[in-house]
Structure formats: C-alpha cells, structure tokens
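Peer 1: Listed below, chain by chain, are the residues.
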Amino acid sequence: MSQKVLDALKATHGSGVDHTESQFGDDIAWVKREALLDIAIWLKTDPSMLFDAPVFCTAIDRLDWRPVGVPPSQHWNESKPRFEVAYQLRSQKHRHRVRIKIAVAEHDPRCPSLSGVWPAFNWQERETFDMYGIQFENHPDLRRIYMYEEFVGYPLRKDYPKEKRQPLVRRDDLPINPIKAGHQETK
Amino acid sequence: MAATRDITSLKQLVLGRKDVQDLIDEEIELPPDLMTINMGPSHPAMHGTVRIVLTVDGETIVKGDVQPGYLHRCFEKESEYATYTQVFPYTDRLNYVSPMLNNVGWAMAVEKLMGLTDQIPKRAEYIRVIVGEISRITDHLTCIGASAMELGAFAVFLFFLKAREWLYELLEKVSGARLTHSYVRIGGVVKDLPEGFCDELSYNLDQVAKVIVEVEGLLNANKIFRDRMAGIGKLTREEAIATGCVGPIARAAGVDYDVRKDYPYSVYPELEFDVPVGTTGDCLDRYLIRMEELKQSMRILRQCIAQIPGGSVMVDDHRVALPPKRDTYNTIESMIRHFKHIVDGIRVPAGEAYTFIEGGNGELGFYVAADGTGRPYKAYVRSPSFVHLSTAEKLITGHFIADVVPIFGMINMIGGECDK
Amino acid sequence: MTVVGTPPAPPAAPPPLAPNTTTVTLTIDGQPVTVPKGTNVLEAAKELGIDIPAFCYHPGLPIVAQCRQCLVAVEKNPKLQPSCQQVCGEGMVVHTQDKQSTLARKQMLEFTLLNHPIDCPICDKAGECTLQKLYFEADNEDSRVDVPKVEKAKVVDLGPTVVLDQERCILCSRCIRTCDVVAGEHQLEFAHRGEHEVLTTAPGAQLDNPYSLNTVDVCPVGALTAKDFRFTMRAWELEATPTVCNGCATGCNVELHHKDERAWRIVPRHNPAVNKYWMCDEGRFTYHDLREQRLAGAIVDGLPAGWDRAIAYAAQRITAALKDNGLAVALSALAGNEDNFALAQLAKSWGLTRVFVGALAPIPSRADGRLRVADVNPNTAGVAEICRALGLEVTTDVTGVKCLVMLGDTLDVEVTGIELIAIAAHERGPVIKAKAALPCADWAERAGTITNNQGHVQRQHAAFPPLGHAIPAWEAVVRLAQATSVKMSFTHVREVFVEMTNTVPAWKGSPWVREARPLQLRFAGSRG
Numbered sequence: 620m621s622q623k624v625l626d627a628l629k630a631t632h633g634s635g636v637d638h639t640e641s642q643f644g645d646d647i648a649w650v651k652r653e654a655l656l657d658i659a660i661w662l663k664t665d666p667s668m669l670f671d672a673p674v675f676c677t678a679i680d681r682l683d684w685r686p687v688g689v690p691p692s693q694h695w696n697e698s699k700p701r702f703e704v705a706y707q708l709r710s711q712k713h714r715h716r717v718r719i720k721i722a723v724a725e726h727d728p729r730c731p732s733l734s735g736v737w738p739a740f741n742w743q744e745r746e747t748f749d750m751y752g753i754q755f756e757n758h759p760d761l762r763r764i765y766m767y768e769e770f771v772g773y774p775l776r777k778d779y780p781k782e783k784r785q786p787l788v789r790r791d792d793l794p795i796n797p798i799k800a801g802h803q804e805t806k
Numbered sequence: 049m050a051a052t053r054d055i056t057s058l059k060q061l062v063l064g065r066k067d068v069q070d071l072i073d074e075e076i077e078l079p080p081d082l083m084t085i086n087m088g089p090s091h092p093a094m095h096g097t098v099r100i101v102l103t104v105d106g107e108t109i110v111k112g113d114v115q116p117g118y119l120h121r122c123f124e125k126e127s128e129y130a131t132y133t134q135v136f137p138y139t140d141r142l143n144y145v146s147p148m149l150n151n152v153g154w155a156m157a158v159e160k161l162m163g164l165t166d167q168i169p170k171r172a173e174y175i176r177v178i179v180g181e182i183s184r185i186t187d188h189l190t191c192i193g194a195s196a197m198e199l200g201a202f203a204v205f206l207f208f209l210k211a212r213e214w215l216y217e218l219l220e221k222v223s224g225a226r227l228t229h230s231y232v233r234i235g236g237v238v239k240d241l242p243e244g245f246c247d248e249l250s251y252n253l254d255q256v257a258k259v260i261v262e263v264e265g266l267l268n269a270n271k272i273f274r275d276r277m278a279g280i281g282k283l284t285r286e287e288a289i290a291t292g293c294v295g296p297i298a299r300a301a302g303v304d305y306d307v308r309k310d311y312p313y314s315v316y317p318e319l320e321f322d323v324p325v326g327t328t329g330d331c332l333d334r335y336l337i338r339m340e341e342l343k344q345s346m347r348i349l350r351q352c353i354a355q356i357p358g359g360s361v362m363v364d365d366h367r368v369a370l371p372p373k374r375d376t377y378n379t380i381e382s383m384i385r386h387f388k389h390i391v392d393g394i395r396v397p398a399g400e401a402y403t404f405i406e407g408g409n410g411e412l413g414f415y416v417a418a419d420g421t422g423r424p425y426k427a428y429v430r431s432p433s434f435v436h437l438s439t440a441e442k443l444i445t446g447h448f449i450a451d452v453v454p455i456f457g458m459i460n461m462i463g464g465e466c467d468k
Numbered sequence: 018m019t020v021v022g023t024p025p026a027p028p029a030a031p032p033p034l035a036p037n038t039t040t041v042t043l044t045i046d047g048q049p050v051t052v053p054k055g056t057n058v059l060e061a062a063k064e065l066g067i068d069i070p071a072f073c074y075h076p077g078l079p080i081v082a083q084c085r086q087c088l089v090a091v092e093k094n095p096k097l098q099p100s101c102q103q104v105c106g107e108g109m110v111v112h113t114q115d116k117q118s119t120l121a122r123k124q125m126l127e128f129t130l131l132n133h134p135i136d137c138p139i140c141d142k143a144g145e146c147t148l149q150k151l152y153f154e155a156d157n158e159d160s161r162v163d164v165p166k167v168e169k170a171k172v173v174d175l176g177p178t179v180v181l182d183q184e185r186c187i188l189c190s191r192c193i194r195t196c197d198v199v200a201g202e203h204q205l206e207f208a209h210r211g212e213h214e215v216l217t218t219a220p221g222a223q224l225d226n227p228y229s230l231n232t233v234d235v236c237p238v239g240a241l242t243a244k245d246f247r248f249t250m251r252a253w254e255l256e257a258t259p260t261v262c263n264g265c266a267t268g269c270n271v272e273l274h275h276k277d278e279r280a281w282r283i284v285p286r287h288n289p290a291v292n293k294y295w296m297c298d299e300g301r302f303t304y305h306d307l308r309e310q311r312l313a314g315a316i317v318d319g320l321p322a323g324w325d326r327a328i329a330y331a332a333q334r335i336t337a338a339l340k341d342n343g344l345a346v347a348l349s350a351l352a353g354n355e356d357n358f359a360l361a362q363l364a365k366s367w368g369l370t371r372v373f374v375g376a377l378a379p380i381p382s383r384a385d386g387r388l389r390v391a392d393v394n395p396n397t398a399g400v401a402e403i404c405r406a407l408g409l410e411v412t413t414d415v416t417g418v419k420c421l422v423m424l425g426d427t428l429d430v431e432v433t434g435i436e437l438i439a440i441a442a443h444e445r446g447p448v449i450k451a452k453a454a455l456p457c458a459d460w461a462e463r464a465g466t467i468t469n470n471q472g473h474v475q476r477q478h479a480a481f482p483p484l485g486h487a488i489p490a491w492e493a494v495v496r497l498a499q500a501t502s503v504k505m506s507f508t509h510v511r512e513v514f515v516e517m518t519n520t521v522p523a524w525k526g527s528p529w530v531r532e533a534r535p536l537q538l539r540f541a542g543s544r545g
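From first to last, the protein sequence lines stand for chains A, B and C. When we follow my numbering, the leftmost residue of the first sequence carries the number 620, and every step to the right adds one. When we follow my numbering, the leftmost residue of the second sequence carries the number 49, and every step to the right adds one. When we follow my numbering, the leftmost residue of the third sequence carries the number 18, and every step to the right adds one.
Keep in mind that the hints were calculated from the coordinates and are not lab data. From the three backbone atoms N, C-alpha and C, an ideal C-beta is built for every residue, glycine too. There could be a bad hint or two in this list.
Stated by the list, open to error - Output of the computed footprint for chain C on chain A, the stretches with three or more beta carbons under 8 Å from beta carbons of chain C:
| no. | region |
| --- | --- |
| 1 | 687 to 698 |
| 2 | 772 to 786 |
Claimed, not checked - List time: in silico EDC-like cross-link candidates among lysine to aspartate or glutamate, alpha-carbon distance up to 20 Å:
| no. | chain 1 | residue 1 | chain 2 | residue 2 |
| --- | --- | --- | --- | --- |
| 3 | A | Lys712 | B | Glu124 |
| 4 | A | Lys712 | B | Glu286 |
| 5 | A | Lys783 | B | Asp304 |
| 6 | B | Lys111 | A | Asp727 |
| 7 | B | Lys442 | A | Glu782 |
| 8 | A | Lys777 | B | Glu286 |
Stated by the list, open to error - Derived contacts from chain B toward chain A, CB cut-off under 8 Å, selection only:
| no. | residue |
| --- | --- |
| 9 | Gly106 |
| 10 | Ala225 |
| 11 | Lys426 |
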C-alpha cells in the first residue's frame, strides 16, 4: 500500500495526474502523456520517492474490454482511448511500488519514452512497440525485438487474429556491418 | 599483349589472390577494419537461441547487438485464448529449468485477483515452497554446470547434471513429468505428495550436498576458472538497479533484494534462510552467490520437510476446486460444476494485479488483467531473463570474444523466459 | 504502422426519451438507476450490470413468472418478488445479494436440478446451457438427493424439425409462449402435474410451424434440440460472427456459428427494428448452401484457368462487345450493396444506361405478416436505390445483347446465344454455360452491407475468408475495371462503402462498422 506515493504525486503534479486508484494492493496513477517525463524524473530523483528500479513496461489493448458484472457504460467504446501503457516502478530504498498508466488513442499511438530515465525500459519499450504498435518518442533505437523486421502488423492487438500467417522471408538483405550501414528503418 | 608474367601476378590472375610471402611490407599489416561476426542463434554457448551480432576489433568487442526473439512462442497471445488453468502448461515452458516456480507465480497471480491468497491450505503452501525450492536448485545447478562446461570444466557439468537428475526424478514422482509439471493449480496443487516423498527428498539433498562440495573443490580455487570469471562483466550497484536487474545478478552487485525477504509471500516468513549478497558484481560473484543459494535452498527444504503439516492440498471453494470424480459421475450438480470449470474456466472478477515471486533468476512477475470471464484478458510475464539480457550488450563491450561465454552463462538467460 | 489522423468523433448522445415517457428512479443493491416507466426490475438491474438469474423470462415473450428463479427482496414487501414481473416503482429499494434472495436462488436451483438427468456429456446444449450457467454462478452447492430420479421419455419427435427430451425439460414454458406469440399457433403445451409434468404437443397438432426452431433457441436447457444441428458440433468450439440472413428481404439479424471455415448453424440476433429476437426456419437452413456447387477457381470456356487469364479473356470479350454496343450488365439482388455499386459504377463507365437485375422469383405464399415475406431476395431495395442514384434504368429486354457481365448466379432472362461473364460464388444456373466465370465470395464470406425491405442498411461481417481462389465480388469488379482501362482503385471494402454512401443520397452519412472478430462461444459465457 503506497497511498502516500499517490498523494505526494497528486500534490506535486496535480495537473498531470488524471486520477489514481488502488486495486488488490497495487497503486496506480493515471498520468497525462505530456506530463509523463516530468513525473518520471521526479519519481526517480525526489528523496521521498526514489523509484530507482524499473520493473516492467507493457500495454493493454482495451478493444474487447466488456467485463462481466459491471455496467455497460464501463465497457470500451469507440470514444475511449484504445491502449493503456503501464510502467511499474520500485524503490530499492523505500520499498514502495507504483504503477503509472498512460491512456493512448488508436489514431495517435505515441508515448514519451522513459528509456533515458531508466535504461531497462529500452528493451521493454521495444517489446511494447513490437507487440502493440505504440510509438515511443525519443527512444534511441525503436525497432522490433521479438518479431523479424519484415513482420507486418502488431500481434498482441486484439484485432490481430491468432491464426494469421506471415510469409517467410530471406535474410540476405541485412547489412553486413551495422556500424557502417546504420540500422534499418522500421516500417 | 604479354603482361609481366612473373609468378605473383600469375597467381593473382589464376587464383585471384596473393600468398603471404608475396606481399610487400605495407600489404602485410592487418587491415584496420572492424569485423562483424555472428554469434548464434544456433550456438552452443547461446543458451536457448539468442543471436549476438558482434562487431570486433581483433579479439575485442566494440559493439554487440543482442537479438532475442528466436524462441518467441506467443505466451501472451495464447493465454488470452486459454482458461486460467490451461495457462499452467504454458508457464511450465517459460523458465523451463525451474518450471514449478513459474506455476506457483501464475497460481498466486490469479489467487490475488480472486482474493484467495489467505485461504490456501497450509499444506498446499508448504508443498508449493518445497517444489519451488527444488526447482530453484535445478535452475542453479543447470546454470553453473552449463557455464562451467563452456569454460572447459566438463566434469562439473556432468556432476551437476547427475545431481539435477535426482531432483528431476523426485519431481517426476510428484507430478508425472520430468520438466513440464503443471503441478500447481489455482487454489492449491493438483494432488498430494506421494508416500515417502519427504524421506527421499532428505536423502537426495544429502547426496546433492556432497556433489556441491566436490564441485566447489574443483572450481572455487581453480586458477583458470577464477581468471576467466573474476573481473569480467562487472555491474555497479547503481547500474544494476537502474537496468532493472534482480536476483543473483543484482545481489552480486550488492543490491540486497530478494522477494522472499522483502515482500514475503506464502510460508517464507516461517522459514529461516539467508540471502547472500556480493560485492564486486562480476561473474565470479554471481557464481559464488548461486552456490551459496543452493545451500540456502537446501536449508529451506530441510525445514519444510520438518514443518509440513497435514491437511488438504486444495482450497475448499467451489469456485476454483474441481469436484471429486465420484460425485461428478453421479450427481448433476457436480457434473455441471466440473463442466463449467473445464469449458468456461475459473471466473475471475474484473480487475488487474501484478504479482511477483522470487524465481530462479529474480523477480518473476505476472501482470494479469481479468475481465470476469474464465480466460485472462491480458497475461504479461515480467521475465527477469529478458531484463538481464538487455544488460548483456553493455557487459560484453570492451571484453574479448572469449569473455562472452562466462558473461552469458552467468546471466542465466533462459530462452523460454526471455522470449516468452 | 502509425496513422496519425483526426480522432474519431465521440458517439452521439442517446436520443432524449419521448416527451410523454416518464421515468422512475429506484435503488438496486445500493446503486440508483433511472429507467422508463413500466420496466421490470430485472431489466433495470441489467442496466447496472447486475445479472439476476432467470429461466422463464424472455424480453420478447409474455411474462409468466413461472420459474421463480429471479426472486429478489424488495423493501416493504414481506415476501420475495419475481423481478421479471415486478414493475419498477419510484423510490423502490431492491436487494439482490441479501441472504434471503441468495438462499431462495439456491433453493430454486436445487429444486430444478432434483430430477434433472446427468446428460451433460451427451446433451447438445452443454456449453451454452442456462441451467449450467446459473448453477455455477448462483448455487454451486453439492447434491442432497439420495433417491432415484423420475424417468420420462427421452427422444420425442415433436415435428419435422425439433426433438424433445422430457427429462431435461425444466417446465419454463418459453417454447409454448414462443409458438403462441411468434408463430401465432398453439402447438405445444404441458400435460400432467407435479413431478410427472411434461411438455407435449397440443391435441391433434405437431410442432410444424415455420418458426419452430425458435423454440430450440429459447429453451434454456437441452430439452428441445434441432434435428438439423443435433450431435453435429459442440457449442463451445464454435465461433460466432454477426451477420444478416441472406434468405429473404426481411434481413433478420443473425449469428453464423462456424468452426474451421465451415458453417454449422445460424441463430437470430436481437434487433428491435427488424426481427426482434426471432427468425424463420428456412433462413436457418441457408448455411447448407454455402458449400453447394461452389466456384472455387476461375473458369474460361469450361476449363479451369488462373485469375490473370480469366480477367484478360473477360476484358477482351467486353472490349469487343463494347465496340458493337452489345455489352450489358446484370446486377444481383442477392449480392451486397458494395458489390452491386462497384459493378453499377463500372457499367456507367462503360457507357451503359440500362442494367438487368438478377433475382429469384417471389413466393407469394410465404408472406404471413410476421417475418417471412414474398420477396426472397435479400437486397432488392439496395439494388433499386443504387440504380436510382446512378441513373441506371432496369430492363429485361435482351435484344442486341452480345455479352453480359452478370453478378451472382441467378438471372431470369433468356441468355442462349449471349456470352456470359459471371462473377459468381456458385457454379449453377447460367454460370455453367458462362464463357468466363470469376469466383467470388458468398454471403457468409462477405464483409459489406445489404438493404432490407424497410430500407435498413445492415452490415454483414465475413465469417471466414472466401473459398479457394475466390475474392470479394467488388474486388473482382475492380480487376475487370482495371483490365478494361477504367479507373477504379478501391483497395478495401470500406472505400467502396464510403464512395457508395457519398453517391446514394438515401445512405449519406451512414457510418462504417468496424469488422467484428469472431467470438468463440466458449468465452461468451452461456448463450440462451
């Protein structure tokens, strides 16, 4: 229970925080995209916060979100943002944890990259990009990590059918020397 | 027209090359270009298929582009189409050298969403800890054994695999399979330990302890081993934390973080054990920490054997427990309940939670979003191997190609867990 | 692939209630809800996401409050009230989770299960059975029965389409009311009393009305099973795709249940404006036709050919006929709006002013004032609208026609001596004699729209990809266009739809519905 983290967050960055909630003992703060980088740096450096350890970064696609037992108004519809990017952080010193979530719309799937603040998010944001198509701004090397470069589509999206086939591709078009040739552009 | 037909130009003409003795002094110097060589994905030292595109200057690595993903088997996508119980076989195949720990992690994740965490019977919790710690021992045995073999100590590999096989036989008696157990269920475990298990486990632990002593004698003071491991792949404490390292790698760098101690779960508060923490953060410290963790796990196991209570191994809640077969075939109520469990799955109320345990490699977490039906809406695995592999690029830069082997081995990158 | 564009417009606010409708506000489980006057408590609870278990209640049938499963506690009422029959009152306070209601629910389920046979492994309804669902969600207690169960008849032939298992029947009377209300004929009723009460046919009657299979849909258990679907496929393996029936001009909204690209059954979807909750039996059998005599590859001059050769040959014949003014085009009242629109636009580009329309002959005896109508073509209205908007005259005069490009396989004009280029899904009728036959998708594989006789433009979703080498019909039209040097560059059916709604004034502004992903039935909870 890190309610005081959420309270401190709301106190210092009130306008950047949409709302906070707590589910099953996890503390979640919904943050606006524009305020994310400032909040992240504050969370890492502020002495009472000291979230120096990154845990994970992933996204949820709410396209099929029709939960049972809740009013239909809480189901997903076209007016709500489709994706949520979630960052989980941990503090080695204070032992508290927090989850930061950012709502991202389908027609504008951008989110600031936190790989400059915590290096672990470099690969994890690549994974989220690979699986969901979220573009992380200012990421040093945003290319696919699990799938091969020629893969078309974003597999973990709910409208990507599980049985979809992709063609096999030859790989002799890759550059010989990555330093000289530079990395390939991602589609 | 007759060009100069001396032997050098003839060779050039016919064979397309000059021999070394025909080169003039300027030509003999090694070319200053960097060379790109490919290590993996099919490579004996790239455990579980990882590809590193190395750019080397002579023997020194200038840049390494680590490319995982060759073992990606779509765990998350498949989990969205399977019931919660059907995800257990998928979790077996995540960190496949310590499968029970993954099972336990997934079960705890779903139990947290259902609010059952405090209602799991004590015996089931003890059994989970027992099989979990046995899995941790097999994980470390595999890691150290394989790394030692790649450094040339083949006998160590055979000794540790012999010890590991005894433990796999034990787990086979418990669950029916050597590696892909699917033994844990939501609410407990699938069935009780077999008769005489604890005595057998006790005996096997003694034998494993002897093997550990043998191997320590072979490796700890071994000059070749120490030279190849000490000072290689250093991580400072701040780097380890900022790059998300957990488990033996973080502890080697001086980060005192073990989920069992810092965020205790299950019956670990009732057990006494120590967590070794290193100082230098190099490969030798990681090796020493893993050896010490082996001994600590055995210490936990001996306590569990002494303390395990009787009782049932599945929570008595009709929402998660299958009815006994006799009732299923003879009463309509149990028939329906069994049917709904299997076809629809266990109904988990809508919500999301992140549950983490101490896996073989550190904090293994499951971030599960449930939507009230019997299948997960999202099942994300926070795999420590993936995070550790991202540090590999930095660790190998500046070292020799030969140093990739101990660094990679001591990261313990399990392909299944890294690529999910 | 990032597409940065304008965000979608927020959904329009729901229309305000009509001025003379009043609403009531009540509290269910501590949450307030406002509903129109006359709503029952069960429906009001659904607005809050609270599912009160019920067997005999069906929103499209008269309320009988027979099963007593939906009992809830209403304050100021000493006894529990059936929420399906209880009309919401202003300020009413309802509890559904209190001790009395939950116990009543468990007890009612226990009664219902007392004599229920242990048939789940062999029962068709398993996986979509309401009794299974309600037991698991509301009861989940062990059995207290230690006496043998009452035995009744197991396989009773009720009529040409339905089989009854009397032991499984929980006596909810939904089927009786369905026959009375939907078909208007009293063909089922209960006989005997107590634990021997059974469902049976009315004296002298059989269950043979044209809406008989709706009883199988509404039956909450596996008592009534369809002879067409019995023992063929397990419900939880099926995937459900929403679409519209292609059987007649009513256009009942349906779900096509399929697995591995093969259709297994059709059930109705709720649409208050078109078919409410029902559909006729003939529509249910239209899925059999999806695999009959399918054209899976292009055919030129009676022999199989590749697409390129077929298109090239067709283009050549078309160009030749154009020079002689002998080209004609036949739209189809059985094809979708987009397919017809693309072909009609192509006809106009070729300079034609008149088109034929292929349609099945009407069956007057079908019209019964309920759902079945005489016109058995699903898209007559759509084709008429398109022709009107593009200024094409509909004709039946074949004089001077040398080459006819037809959509579909139905055409009731004399075509001997005319070269046919058919874009069809089935190889029958005129298509057998076609010079070039281009395979296209059938109605279940079509993502597009059709217009019913009331003018509703209804979206059909593709359940599985077209068979063999078939492609959507509009795509075949685009290929023909490009081969005959007509500019037509649609790459997605949505583009055809947008162009079509901009051209046809009656359909302007209709939104395109996102493609529905097949929902696997096992994850939809229980149906029915």
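Peer 1: Now, for every hint given, state plainly whether the structure supports it.
Peer 2: Cross-check of the supplied hints:
1. 687 to 698: With 9 residues close enough to chain C, the hint holds.
2. 772 to 786: With 3 residues close enough to chain C, the hint holds.
3. Lys712(A) with Glu124(B): violated, 32 Å
4. Lys712(A) with Glu286(B): Holds - the C-alpha atoms of Glu286(B) and Lys712(A) are around 12 Å apart, at most 20 Å.
5. Lys783(A) with Asp304(B): Given that 20 Å is the threshold and the Cα spacing comes to 45 Å, the pair is violated.
6. Lys111(B) with Asp727(A): violated, 34 Å
7. Lys442(B) with Glu782(A): Not satisfied, since the Cα-Cα distance of roughly 37 Å exceeds 20 Å.
8. Lys777(A) with Glu286(B): The given pair, whose Cα atoms are some 38 Å apart, is violated under the 20 Å limit.
9. Gly106: Since the shortest Cβ distance to chain A is 15 Å, the answer is violated.
10. Ala225: violated, 26 Å
11. Lys426: holds, 5 Å
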